[in-house]
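Please put together the full structure from these sequences, using the hints given.
Protein chains: 2
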Amino acid sequence: MRRKELSPSAVRAFQEIMGQAGVFTSLEDRICYSFDATTYSSVPGVVLRPSSAEQVSRILAVSSQEGLPVVPRGAGTGFAGSAIPLEGSVALSFERMNRILDFSPDDRHCVVEPGVVNGLLQKHVGKKGLFFPPDPSSLDVSTLGGNVAQSASGPRALRYGSTKDYVTSLDLVAGDGQLWHVSEKSGGYDLLSLLVGSEGTLGILTAIGLRLVPVPSSWNTFMAYFRSLEQASVAVAELSSQGIIPTVLEAMDHVTLRCVEEFLGRQPSSGVGAVLFVEVTGSETEVKVLSEKLELTFSKLEQIRFESAVSEAERERLWTLRRSVSPALARVAPTKINEDVCVPRSKLPALVRAIEALAERHGLDIYTFGHIGDGNLHVNIMTDVRKKKEMERVEQCADELFEATWLLGGTITGEHGIGIAKRKYLPREVGRVGMRMFGEVKRAFDEANILNPGKVVPSEPAHGAGGAV
Amino acid sequence: MRRKELSPSAVRAFQEIMGQAGVFTSLEDRICYSFDATTYSSVPGVVLRPSSAEQVSRILAVSSQEGLPVVPRGAGTGFAGSAIPLEGSVALSFERMNRILDFSPDDRHCVVEPGVVNGLLQKHVGKKGLFFPPDPSSLDVSTLGGNVAQSASGPRALRYGSTKDYVTSLDLVAGDGQLWHVSEKSGGYDLLSLLVGSEGTLGILTAIGLRLVPVPSSWNTFMAYFRSLEQASVAVAELSSQGIIPTVLEAMDHVTLRCVEEFLGRQPSSGVGAVLFVEVTGSETEVKVLSEKLELTFSKLEQIRFESAVSEAERERLWTLRRSVSPALARVAPTKINEDVCVPRSKLPALVRAIEALAERHGLDIYTFGHIGDGNLHVNIMTDVRKKKEMERVEQCADELFEATWLLGGTITGEHGIGIAKRKYLPREVGRVGMRMFGEVKRAFDEANILNPGKVVPSEPAHGAGGAV
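Protein sequences appear in the order of chains A and B. Following the numbering used here, the numbering of the first sequence begins with 6 at its first residue and continues without gaps. Following the numbering used here, the numbering of the second sequence begins with 6 at its first residue and continues without gaps.
Worth flagging that the hints you see were computed from the coordinates, not collected in a lab. You may find that some hints are simply not true.
All copies of an identical chain are treated as equivalent in the list; a pair is satisfied when it fits inside any one copy or across any two copies.
[Claimed, not checked] Below are the BS3-like pairs computed for lysine-lysine, each with C-alpha atoms no more than 27 Å apart in a straight line: (1) LYS352 <-> LYS190; (2) LYS190 <-> LYS341; (3) LYS298 <-> LYS133; (4) LYS429 <-> LYS190; (5) LYS169 <-> LYS190; (6) LYS305 <-> LYS293; (7) LYS133 <-> LYS352; (8) LYS352 <-> LYS169; (9) LYS305 <-> LYS352; (10) LYS132 <-> LYS352; (11) LYS132 <-> LYS298; (12) LYS429 <-> LYS341; (13) LYS305 <-> LYS133; (14) LYS341 <-> LYS392; (15) LYS392 <-> LYS429; (16) LYS393 <-> LYS429; (17) LYS429 <-> LYS394; (18) LYS341 <-> LYS394.
Right under this line is the structure:
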């Protein structure tokens, strides 16, 4: 199908579906939906704000007839450009589909619309002693639709896994507008696992079933201070080899730590090269047993000291430190290039050495933190997109970081997805036949190539003479 | 592509690839590969026994050129007919690809060929204190290739999940013979989850990466005796609502129990309507805490008595009882129709009542046992395929059992897959759009429709004028 420009008749059709309030056509409004948390942006041709699955279905029916690409978006907090409405496409915002459709505390289950904010769901189900484990740092704004599209995780992923492990069903709209339901309770191919994390390229979500988990009765939260990130990474590898898995095991290097302490107006920790932020949760006995094992292991390693939270207020104080990393780093430089590499835990010390050597060699400021317990580090290169020469070094540095990651048996996308940011590296990770299969799968679900085209897999030249994305 | 008959030149090509010993052409040999654990059978046109991925690749290259359907098989213990070589197709047996290619105890990981028997892997990795959690009752004979193809589980699935949760990578051969590698460590679409459990219809396995788990240091194994299966199911629903999850929680109704006791020459338990077989594992403290919770819950319910294993020998005695269910039931009647229904745990009492009413109404002998902790019951209708009238009642009874299961929000295939046995019921579970997507996915991976055609999704009339399967 030849891709067409957005026609006045298509806009009228959308207005008929949703009323005037559901359709933004002014440039000012459209610009608000042009970006995400990357450096990419592209102004959509129109912004649609449906309020029901039926409206989404009708939107897709019109879009597929007109050959208009549709780009779903939640809060636009993604780090891979998955929600960027390339080439003036239709931005489909779920801000008005934000209802909790069902909550069954006894079954530990809820059904939500895609626009529900993660943090609001947590508050709602928290009243019944339950929580939804995935906790991306963006949880106060990011939506569950976006969380499902990216299979978001967060600090608690070490113990609880990612969004994929909690989705029990999806209601979707196919590329041609047909409504569709996929459940973990039905036989045949596991399309549910395929759809979670597919970045809106295989179907548009309209409802999400989620498994919930009881809030553990007990906790122990502490910081361990090390002379260097490498020594902290040795500690993580050691814990892993002993099979000691806390709920949360996060790292910050010293520049990140100092930056966050400054941001929060706290006293800087002097002489510290890195910290590990650790939380153990469970029954009182479980927490006691695991804490003892952790302390024993740490005491044998070269850490500087321990700081354990003894009250809920102190626990919150430590969590605030961890959660403030992203806003604190945002102030450091005009542009933050956030890479998301992940290696086997035993390879963490080698990865940390490689990162430090790269910063040195390319003369770049790198702030490293992240879900070290998962082997997943966020490597933030601080720069300024306007400095062309420096950006070339940044690109070279990122390429070398990825080479090192692959060499260590890792992936260049621990949790942030592919979108457009990592698209060019994907063939290296999945191989030629893998890319062919990705293309076939994309075609299987979206023959007209209108569902978030160009994300994850490249658009084919055959589609959209208006320009491959 | 038009499906052709097996030609002498194809047989010669296969012999060139594998030598005479790799190719069985005699009827006697072929009959040995014609069946599985269902009542279906179909004699393959030829049996191929490759010994390397490269040979599998060359076999597929020949088969796709000739339009010959290829049906992979492990030990033929499946309950869905997935390994039945329909229409004289090529039976691809992995009995010679049975090597453990890599075992890294420190990484708790191994890589195996598909023909490795589950139980032999357990023995091998057990020497290093590790195990592979999926434990189908067939584990002493069934192969890991078959386990992956069906995403097999077993009694331990309650705590540990199914095969899907342990596969880290797959080496595959695509329908056209191309070699291909899929890993959980690479970005993009989650094809790994899609391929596990796809019953050999999307690609042919040649190597499997598996995550292993440390053997827990402590255990507590016991039987709880109840007046009826319904009362046992109430106990399970109660445990579940309290969030008490043992490692193993299995049920047997009284006819199954008596049958197994007889089979093992043990004293029959009198006045018992059903038993729950329970095992708790973990650290000493974990086992103690969980056992206390279990005992407290059971003591409030209407169970008759408890029998706890105090030695490894007694534990083995209880496990032998559980593992002997299948061989014991095999002696009851000429034909055992084994249904595999699964409902939310809170709906178990209703399911049990429905099963009992069905047995009564249709005048059939039904033996019920299974992974009740997962909500998964194996409903065995004892009959004789030669009795035509009775078989009609059996079919009617199965249909009504499935209706009841769907009504309770469950699935008719808890762990045994679709194959050909459940194919006709699949549209009811996944819907019209779901079936269309299954068809599209099948085509995406296997356009020529030669990979185990007709299993999971029906073959299309367009393929194989020689007859749709």
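Status of the hints after comparison with the structure:
1. Taking the closest pair of Cα atoms, LYS352 and LYS190 come within 27 Å of each other only across two copies (14 Å); inside a single copy the shortest separation is 38 Å, beyond that limit.
2. When the C-alpha separation of LYS190 and LYS341 is checked against a cutoff of 27 Å, the pair qualifies only between copies, where the shortest distance is 25 Å, while the shortest distance within a copy is 42 Å.
3. When the C-alpha separation of LYS298 and LYS133 is checked against a cutoff of 27 Å, the pair qualifies only between copies, where the shortest distance is 21 Å, while the shortest distance within a copy is 31 Å.
4. When the C-alpha separation of LYS429 and LYS190 is checked against a cutoff of 27 Å, the pair qualifies only between copies, where the shortest distance is 17 Å, while the shortest distance within a copy is 36 Å.
5. For the identical chains of this complex, LYS169 and LYS190 are neighbours both inside a copy (15 Å) and across copies (15 Å), given an alpha-carbon limit of 27 Å.
6. In this assembly of identical chains, LYS305 and LYS293 lie within 27 Å of each other by CA distance solely inside one copy; the values are 19 Å within and 29 Å between copies.
7. In this homomeric assembly, LYS133 and LYS352 come within 27 Å of each other (Cα to Cα) only across copies, at 22 Å, whereas the closest approach inside a single copy is 41 Å.
8. Both within a single protomer and between protomers do LYS352 and LYS169 lie at most 27 Å apart by alpha-carbon distance, with minima of 25 Å and 25 Å respectively.
9. Only within a single protomer do LYS305 and LYS352 lie at most 27 Å apart by alpha-carbon distance; the minimum there is 20 Å, versus 51 Å between protomers.
10. In this assembly of identical chains, LYS132 and LYS352 lie within 27 Å of each other by CA distance solely across copies; the values are 25 Å between and 41 Å within a copy.
11. Taking identical chains as interchangeable, the C-alpha atoms of LYS132 and LYS298 lie at most 27 Å apart only when they sit on different chains, with a minimum of 25 Å there against 32 Å within one chain.
12. Taking the shortest alpha-carbon separations for LYS429 and LYS341, only the intra-copy value of 20 Å comes in at or below 27 Å, while the best inter-copy value is 54 Å.
13. In this assembly of identical chains, the alpha carbons of LYS305 and LYS133 lie at most 27 Å apart only when taken from different copies (25 Å versus 41 Å within one copy).
14. Taking the closest pair of Cα atoms, LYS341 and LYS392 come within 27 Å of each other only inside a single copy of the chain (13 Å); across copies the shortest separation is 74 Å, beyond that limit.
15. Taking identical chains as interchangeable, the C-alpha atoms of LYS392 and LYS429 lie at most 27 Å apart only when both belong to the same chain, with a minimum of 23 Å there against 63 Å between chains.
16. Taking CA atoms no more than 27 Å apart as the test, LYS393 paired with LYS429 passes inside one copy only; the shortest distance there is 20 Å, against 61 Å between copies.
17. For a Cα distance limit of 27 Å, the shortest separation of LYS429 from LYS394 inside one copy, 21 Å, qualifies, whereas the shortest one across copies, 63 Å, does not.
18. For a Cα distance limit of 27 Å, the shortest separation of LYS341 from LYS394 inside one copy, 16 Å, qualifies, whereas the shortest one across copies, 74 Å, does not.
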